[in-house]
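Colleague: Read top to bottom, the protein sequences are chains A and B.
The numbering used here applies: residue 1 is where the first sequence begins, and numbers increase by one.
The numbering used here applies: residue 340 is where the second sequence begins, and numbers increase by one.
It cannot be assumed that every hint is accurate.
[As the list claims (entries may be wrong)] Pairs of lysine-lysine, DSSO-like flavour, derived with a Cα cap of 27 Å:
hint	chain 1	residue 1	chain 2	residue 2
1	B	Lys-959	B	Lys-846
2	B	Lys-846	A	Lys-235
3	B	Lys-655	B	Lys-565
4	B	Lys-632	B	Lys-703
5	A	Lys-148	B	Lys-703
6	A	Lys-275	B	Lys-359
7	B	Lys-1026	B	Lys-872
8	A	Lys-118	B	Lys-846
9	B	Lys-959	B	Lys-872
10	A	Lys-291	B	Lys-792
11	A	Lys-291	A	Lys-183
12	A	Lys-269	B	Lys-359
13	A	Lys-183	A	Lys-218
14	A	Lys-148	B	Lys-758
15	B	Lys-790	A	Lys-291
16	A	Lys-71	A	Lys-2
17	B	Lys-959	B	Lys-1088
18	B	Lys-371	A	Lys-291
19	B	Lys-758	A	Lys-291
20	B	Lys-1133	B	Lys-1005
21	A	Lys-275	B	Lys-374
22	A	Lys-234	A	Lys-275
23	A	Lys-23	A	Lys-80
24	A	Lys-148	B	Lys-371
25	A	Lys-100	B	Lys-959
26	A	Lys-235	A	Lys-118
27	B	Lys-371	A	Lys-234
28	B	Lys-883	B	Lys-872
29	B	Lys-1026	A	Lys-100
30	A	Lys-100	B	Lys-915
31	B	Lys-371	A	Lys-275
32	A	Lys-235	A	Lys-275
33	A	Lys-269	B	Lys-374
34	B	Lys-565	A	Lys-148
35	B	Lys-655	A	Lys-148
36	B	Lys-872	B	Lys-1006
37	A	Lys-269	B	Lys-371
Note that these hints are calculated values from the structure, not bench results.
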Amino acid sequence: MKEKLSAILESARAELEASSDIKSLEDLRVRYLSKKGELTAILKMMGGLSAEERPAMGQLANSVRAEIEQKLSEKTEQLKKELAAQKLKAEKLDVTLPGKDIPVGRAHPLNAVLDEVKEIFLGMGFDVVDGPEVETDHYCFEALNMPKSHPARDTQDTFYINDNVVLRTQTSSVQIRTMEQRKPPIRIISPGRVYRSDAVDATHSPLFHQIEGLVIDKGITLSDLYGTLDLLMKKLYGKDTQIRLRPHHFPYTEPSAEVDLMCFNCGGKGCPMCKNEGYVELLGAGMVHPKVLEGCGIDPEVYSGFAFGIGLERITMGRYGINDMRLLYENDMRFLGQF
Amino acid sequence: MDLSLRWLNDYIDVSDIPVKELCAGLTLSGSKVEKYTTEGAEISNVVVAKILDVKPHSNSDHLVITQVDAGTGEPIQIVTGAPNIREDSIGSFVPAALDGSTLPGGVKIKKGKLRGEASNGMLCSLGELGLTLHDFPNAIEDGIFILDEKELGELVPGTDIHKAIGFDDTTIEFEITPNRPDCLAVLGLARETHATFCRPLDIKEPSFKGIGGSASDELSVEIVNKELCSRYMAAVVKNVKIEPSPLWMRQRLRASGVRPINNLVDITNYVMLEYGHPMHAFDIRYINGNSIKIRSAAEGEKITTLDGIERTLTAKNLVIADSEKPVAVAGVMGGEYSGIMDDTNTVVFEAACFNGASVRTTAKSLGMRTDASARFEKELDPRMCEPALKRACQLVEELGCGEVVTGIIDCSNGVDTQKSAPFDPEWINRFLGTDIPEAQMIEYLDRLDIKVKDGRAYAPAYRGDIEYKNDIAEEVARLYGYNNIPQTIIRGTASGELTPVQRFSRKLSQTAVSLGAYEICTFSFVSPKSFDKIALPAGSKLRKTVEITNPLGEDTSVMRTTLLPSMCEVLARNYKNGNAEAFLYEIGNEYIPNGGELPDEPARIVFGAYGDRYDFYYIKGAVERLFDVLGIDGAEYEPCTGDDDVFDEAHAFHPGRCAVILIGGKKVGIMGELHPDVLENYEIGTKAYAVKLNVPDLFDAHADRTYTPLSRFPSMARDLAVVCDDEIPVAHLEKAIAEGVGRILESVKLFDVYKGAQIESGKKSVAFSIVMRSDEATLTDEQADAAMKKALKKLGDLGAKIRE
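Chain A on its own, in the form it takes in the complex:
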């Protein structure tokens, strides 16, 4: 019997060694350890042993059983690990393949920049006001100190609907509407579409966008205008940005200024990008004309204020290095996808 147990152990060891899959291990377990297995069969023969032999033989049989069980479980564990490793290996991906095409939308560059400008002004306590694009001659010109025969009208080629209705040439029309509706202190910006009879080319468009700004309060100064615009441009273009003011004339502001941005390329020295001027013209601004204030029922002896009009296309093009305004209105996905 002892020999039989040893033989079983030997053959179990060898077969375990030779097994290479989970199923054959299971078969071995059944063959050796199950109720009908070989070991069980031997243990059943224990009854024929003497009482002296029985404990020793029982011990031996148990140790054989324990060893087979342990070997079996070790081998199973090992095979499972190998199997898992194989599976992981087989599941290898080419991580250099491109990712899936997840559709993502984009804001138009004009509106992306406009949103930034709005955020900056909201932070400075400005409200955002909208106004009509089809506008009366009164709001677009007359109330802005530009009567019908005023030569300054020639600088803004106007689309007419009829003698008294135009497509607004400037968002300044909203200044008047605002001053008629609100009392000082006023701090607003008014972004929107404006129209001028210019043929389309790389720098002109019959439709473009302006952002009007208006501040009216007691003690508003030209230095406030300068500081506000400087702050805006530094927030938009970075802290090294420099602007300069140049005297100009608008019928609705006095003093008036044009505001230039120092050329990023040459730092004001002059280069082909700024047409050798060192500066790029950016926007018009000024202190609201007393006649305009009076016309809106605001006493110019008590209140003063400033206004400005920024070309959104110009700052957007500067911001992204776009060299042709037409791209903004062609809306090619290849263009829009870049912002």
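For chain A, the structure is supplied; the task is to place chain B on it using the hints.
Modeller: Below, chain B alone, put in the same frame as chain A:
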């Protein structure tokens, strides 16, 4: 305004200031320089040459061989074919382009051989130097430019040609704002230069000697319309000698962009450029009755202007008339037959002042904007007539081209035009945010000839733009330097915020982007033909538009009443450009006439898409997600019956694949596949989809989301398949289920629609996954079964039966 730097230096010596610096200084003090150019800049290595010898060319009849002294020490041989170089030309001075020289138009001259003879350069004609007979009337057009020593002074061979003929001026181009017509003049810019650079200014009062007598003996002047003509001055010049004006005058005119004609005409142009006040010259022979009346034209009266065009006038036009007819359109242009001719003997100079608005209106209505009208329309001061007229007379005497009658005519309406404004230094500093001493301000103003007296600042006659204390503040600020003004932050507190509508619109845009759409930006005006392209019926209300009376072209001639054509165009452009797919949106205004003065401008959002990824249900999904994020519940989609009375755009869509979108029973939008005809019209070769929604309606329908507690109890799911008539919309089935299940319904999700084998024809099988949950307790099977039973009953009402 083109300023001759040479001319400027006549009045203020700035010859030592580099031009770039001069321009920068003037720009920053308010006279903006657009650019500056130097005359003959393209010409190099062209010099004065003296002809030493002229010999015939043995191989040519028309060529001659010259030896010239070009100041190089050795004679230079140059072959020329010009007919005016002959033996008798020996000793003449001519321009010679030497080897390696350049001429206008990028022409390069190199030495070579002409029919076997060496030619080491080229003798130049006027044209080859970029000049004309107007510049040098004594030269000839088709021949070598023989330099006139009488006119040019002593000539030295080898002298650079620019210097020798005075073709070396610099022209500075200014952008002058409409409030400063005085700067459309050399004197005005000289004054600005003085104010900017503090250099001495040398402007003398013009005066002339005269031959005695009085112009009023030769001519009568009457201002009939005193409102539109504040002053009319006239001088008479007798025995005029018409000839070219002298070199110095021609040079200054040329650099100012004005073509020299003859001395009398040149004088009027010269004075206009110098003083900024337009002049006119009449031949007295053509002034009938020797009488000048400044009057309104008779309705329908005609005049042929200098440019040879007959013009019909109206009573709104002011004219200068003789006893019979108009001889000039006041302040705009003279009549054809009243001007200076070669045989003119007696000239009347006019220096007048006309109402700016009237001149502008007349020039505009007649379509002839002239140098004169461009100045008058900016409102000139009547006090400027006199110096201008006297300057013209002075020039006549200086040029020796006529005899000026001493007494001049001066008719005036006598209105005082002196301009002044309060001078309040404290206010100015408060207004500018500066701390400029009063004496400094007065000094600035003095530089500008603005005199301060008793708290007021008095403008010189040429400054009509000084009226408010702001105007004085501006003068102070620009000479102080705008950029020396400190930068300050607005005092006081304010809180800025978007209105609810603006916030909603921002969220709408952000949501559209998050759904994968690209934002586009299109023109607000479209072609009226675009309505045909989106297949609008002939009588569609959308064809009633706001029309532009002076559009750039038909393509941009009406304000859009629908965003759809703009979207279709962008889809088409992307398709044409080879982009495989597109999903786009735009939030924009439509312009809807409402019978009032101004149209309504409602905001709409339009989506458009094409490409493999997109189909009707993808787009519908986008709309549903959009509503979900915006807090809009209860949207319904109904098949479009063809007459979409909200937007009137149903015809643009596929009749079987178009839905009207309703919220709370109100139609707020339309969506669907674009009609094949529309796709064809836009040459889009694939299916495309569009959605349009009315933004104000969405705003009204949206609610700010609040938190709904999550139920602690488990849900219970049941699947349900029913068979019903194919015609029954799934939405109706879903509605029936919702009604039947009641409060415990969490969601109904369609998971299958099947037609075909095992299903009777004309029927369909529709399968739903239904999830139920209670907030109060775990649902029992009995409760779920009861709910399903009710749902089935409701479905049964629609004719749907459970699928066996």
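Colleague: Are the hints correct? Go through all of them and say.
Modeller: Right, here's what the structure says about each hint:
1. B:Lys-959 / B:Lys-846: 19 Å, holds
2. B:Lys-846 / A:Lys-235: Satisfied, since the Cα-Cα distance of roughly 24 Å is no more than 27 Å.
3. B:Lys-655 / B:Lys-565: Given that 27 Å is the threshold and the Cα spacing comes to 14 Å, the pair holds.
4. B:Lys-632 / B:Lys-703: Between Lys-632 of chain B and Lys-703 of chain B the Cα gap is close to 23 Å, so the pair holds against 27 Å.
5. A:Lys-148 / B:Lys-703: Holds, at about 12 Å.
6. A:Lys-275 / B:Lys-359: 13 Å, holds
7. B:Lys-1026 / B:Lys-872: With a Cα-Cα distance of about 16 Å, the restraint between Lys-1026 of chain B and Lys-872 of chain B holds, given a limit of 27 Å.
8. A:Lys-118 / B:Lys-846: 14 Å, holds
9. B:Lys-959 / B:Lys-872: Answer holds: Lys-959 of chain B to Lys-872 of chain B is near 24 Å, not above 27 Å.
10. A:Lys-291 / B:Lys-792: Holds. Lys-291 of chain A to Lys-792 of chain B sits at ~24 Å (cutoff 27 Å).
11. A:Lys-291 / A:Lys-183: 17 Å, holds
12. A:Lys-269 / B:Lys-359: 12 Å, holds
13. A:Lys-183 / A:Lys-218: Within the cut-off at roughly 12 Å; holds.
14. A:Lys-148 / B:Lys-758: 23 Å, holds
15. B:Lys-790 / A:Lys-291: 24 Å, holds
16. A:Lys-71 / A:Lys-2: Holds, at about 20 Å.
17. B:Lys-959 / B:Lys-1088: 15 Å, holds
18. B:Lys-371 / A:Lys-291: 26 Å, holds
19. B:Lys-758 / A:Lys-291: 17 Å, holds
20. B:Lys-1133 / B:Lys-1005: Holds, at roughly 25 Å.
21. A:Lys-275 / B:Lys-374: Holds, at roughly 9 Å.
22. A:Lys-234 / A:Lys-275: 23 Å, holds
23. A:Lys-23 / A:Lys-80: 11 Å, holds
24. A:Lys-148 / B:Lys-371: Holds, because 26 Å separates the two Cα atoms, which is no more than 27 Å.
25. A:Lys-100 / B:Lys-959: 23 Å, holds
26. A:Lys-235 / A:Lys-118: 12 Å, holds
27. B:Lys-371 / A:Lys-234: 25 Å, holds
28. B:Lys-883 / B:Lys-872: Satisfied, since the Cα-Cα distance of roughly 16 Å is no more than 27 Å.
29. B:Lys-1026 / A:Lys-100: OK: Lys-1026 of chain B and Lys-100 of chain A at ~24 Å, within 27 Å.
30. A:Lys-100 / B:Lys-915: 25 Å, holds
31. B:Lys-371 / A:Lys-275: 15 Å, holds
32. A:Lys-235 / A:Lys-275: 25 Å, holds
33. A:Lys-269 / B:Lys-374: Roughly 16 Å separates the two Cα atoms, so the pair holds.
34. B:Lys-565 / A:Lys-148: 21 Å, holds
35. B:Lys-655 / A:Lys-148: 15 Å, holds
36. B:Lys-872 / B:Lys-1006: 24 Å, holds
37. A:Lys-269 / B:Lys-371: Holds: Lys-269 of chain A and Lys-371 of chain B sit about 18 Å apart, inside 27 Å.
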